[in-house]
Amino acid sequence: MVIHNIFDVLALISAVLVSLWFRRSYHLYRPVGVAPSSQYHYYLAALLMGLVVGGFVFGTLNLYLAGREGIAKSMLGGVFGAIVAAEVFKYFAGIRHSTGLYFVPGLIMLIAVGRIGCFLAGLPDFTYGTATTLPWGVDFGDGVRRHPVQLYESLTMLIFLVVLLVSYPRRPLFWQRQGFYVFVLVYAGQRFVWEFLKPYPLVLAGMNVFHWLCLALILYALFMLKRSQAFVE
Amino acid sequence: MPQVAQHYSLIFKIFFWLLWLGGVGVFLVFAWFSSMTMGEGGFGEGASLIGPWNLLITVAEGAVLFISAVLFGNRDKSASVLFLWVLLATVVIPLIGFGGCVIQ
Numbered sequence: 000m001v002i003h004n005i006f007d008v009l010a011l012i013s014a015v016l017v018s019l020w021f022r023r024s025y026h027l028y029r030p031v032g033v034a035p036s037s038q039y040h041y042y043l044a045a046l047l048m049g050l051v052v053g054g055f056v057f058g059t060l061n062l063y064l065a066g067r068e069g070i071a072k073s074m075l076g077g078v079f080g081a082i083v084a085a086e087v088f089k090y091f092a093g094i095r096h097s098t099g100l101y102f103v104p105g106l107i108m109l110i111a112v113g114r115i116g117c118f119l120a121g122l123p124d125f126t127y128g129t130a131t132t133l134p135w136g137v138d139f140g141d142g143v144r145r146h147p148v149q150l151y152e153s154l155t156m157l158i159f160l161v162v163l164l165v166s167y168p169r170r171p172l173f174w175q176r177q178g179f180y181v182f183v184l185v186y187a188g189q190r191f192v193w194e195f196l197k198p199y200p201l202v203l204a205g206m207n208v209f210h211w212l213c214l215a216l217i218l219y220a221l222f223m224l225k226r227s228q229a230f231v232e
Numbered sequence: 000m001p002q003v004a005q006h007y008s009l010i011f012k013i014f015f016w017l018l019w020l021g022g023v024g025v026f027l028v029f030a031w032f033s034s035m036t037m038g039e040g041g042f043g044e045g046a047s048l049i050g051p052w053n054l055l056i057t058v059a060e061g062a063v064l065f066i067s068a069v070l071f072g073n074r075d076k077s078a079s080v081l082f083l084w085v086l087l088a089t090v091v092i093p094l095i096g097f098g099g100c101v102i103q
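Chains A and B supply the protein sequences, listed in that same order. Residue numbers for the first sequence follow numbering that gives the first Met the number 0, so the first one is 0 and each next one is one higher. Residue numbers for the second sequence follow numbering that gives the first Met the number 0, so the first one is 0 and each next one is one higher.
The hints are simulated quantities; they were obtained by calculation from the structure and are not laboratory data. Here the structure is a predicted model, which is why all the values come from computation and not from measurement. Certain hints may be false.
Straight-line C-alpha distance at most 27 Å; calculated DSSO-like pairs for lysine-lysine [what the hints assert, rightly or not]: (1) B:LYS76 / B:LYS12; (2) A:LYS197 / A:LYS89; (3) B:LYS76 / A:LYS89; (4) B:LYS76 / A:LYS197.
Interface residues of chain A toward chain B, partial, derived using beta-carbon atoms under 7 Å [claimed, not checked]: (5) ASN4; (6) HIS40; (7) TYR41; (8) VAL52; (9) ALA130; (10) THR132; (11) TYR199; (12) LEU201.
C-beta: ideal position from N, C-alpha, C; glycine also.
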């Protein structure tokens with residue numbers, strides 16, 4: 000699956016480039032409220048550790064529940080872990096502002112490009128969709144035409160990036176205060192829908208592990224949007 | 000402008016070098032992968048790309064370990080910056096190196 004590795008690197012490079020361009024264009028040199036350099040560095044370290052731990056824990060849990068051996072990574076699990084790490088860090092650092100918009104363009108590119116790698120990796124990557132008779136169904140080599148759910152996710156994220164880039168210059172304050180929560184809402188919302196098109200084991204109430212993670216993120220986003228709205232008013 | 004020499008606490012020094020040694024472990028693992036996939040008997044189907052990939056990761060890991068050790072020795076970077084460098088070696092590079100959503 001070297002093709003996946005190559006797209007992981009491309010995803011990282013595109014994430015860094017788009018992120019740098021966005022920050023420089025709109026003078027977002029550091030997340031709002033994160034002041035000293037050292038605090039910013041430890042904040043990044045906390046996010047990274049949350050991303051890695053969440054990614055491995057939930058990815059591997061889903062793989063284990065599916066009765067397959069190995070270790071797995073999940074971007075959704077990573078986003079969940081990073082958000083938990085960020086909120087814990089912010090609580091102890093006394094930061095009350097939204098700090099996430101700074102990372103959104105990079106995250107979008109990471110997901111959008113990374114998912115193309117998942118699509119090209121095919122069946123061994125265990126990220127394919129369920130069987131479909133729709134004309135755009137893709138045969139990954141086992142003779143079954145499947146939903147290219149990886150591309151659905153990639154496309155949704157790119158559309159969100161366009162909306163962000165078009166809308167940000169007109170409403171910068173809205174995006175700075177609430178943009179990250181809007182991103183989480185859209186990301187978790189679309190993943191929740193695509194999860195119904197995946198062959199993952201169901202754990203509770205007809206939903207898989209990632210459905211439940213998505214629901215947790217949607218609730219988080221709605222709560223934070225409401226809270227930040229009250230803060231703005 | 001001359002840089003101010005940084006003072007690192009003993010706990011940070013121990014933590015830094017433990018993580019750095021973890022990075023050396025990653026380096027050795029990928030060096031071994033490289034030798035397995037690029038050496039004799041490793042030219043089978045799929046080995047043509049995985050070999051150079053492992054070599055690339057080994058070189059990147061070695062470079063980051065070298066830079067982080069030099070930065071530590073120079074004492075002109077803050078502990079938080081050094082921490083990010085060593086995390087790059089022990090977490091980010093192996094994460095990219097193993098690639099894919101499923102590692103079997």
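Hints and how they fare:
Under the criterion of a C-alpha separation no larger than 27 Å, the hint pairing LYS76 (chain B) with LYS12 (chain B) is consistent with the structure, at around 13 Å. Between LYS197 (chain A) and LYS89 (chain A) the alpha-carbon distance is near 35 Å, which puts this suggested pair outside the 27 Å criterion. Between LYS76 (chain B) and LYS89 (chain A) the CA atoms are separated by roughly 24 Å; this keeps the pair inside 27 Å, and the hint holds. Between LYS76 (chain B) and LYS197 (chain A) the CA atoms are separated by roughly 47 Å; this puts the pair beyond 27 Å, and the hint is violated.
Contact between ASN4 (chain A) and chain B, as hinted, is supported at the beta carbon level, the nearest pair being about 3 Å apart and thus within 7 Å. For HIS40 (chain A), the shortest C-beta to C-beta distance to chain B is roughly 3 Å, which falls under 7 Å, so the interface hint holds. The beta carbon of TYR41 (chain A) comes within 6 Å of a beta carbon in chain B, closer than 7 Å, and the hint placing it at the interface holds. Annotation: VAL52 (chain A) was flagged as interfacial toward chain B, and the flag is violated, the nearest CB pair being 10 Å apart, outside 7 Å.
The interface hint given for ALA130 (chain A) is violated, since its Cβ lies 20 Å from the closest Cβ of chain B, which is over the 7 Å cut-off. Restraint check, THR132 (chain A) versus chain B: the minimum CB separation of about 26 Å is more than 7 Å; hint violated. With 7 Å as the threshold, the beta carbon of TYR199 (chain A) stays out of range of chain B, its nearest partner Cβ sitting at about 12 Å, so the hint is violated. Below 7 Å, beta-carbon pairs count as interface contacts, and LEU201 (chain A) has none with chain B, the closest being about 20 Å; its hint is therefore violated.
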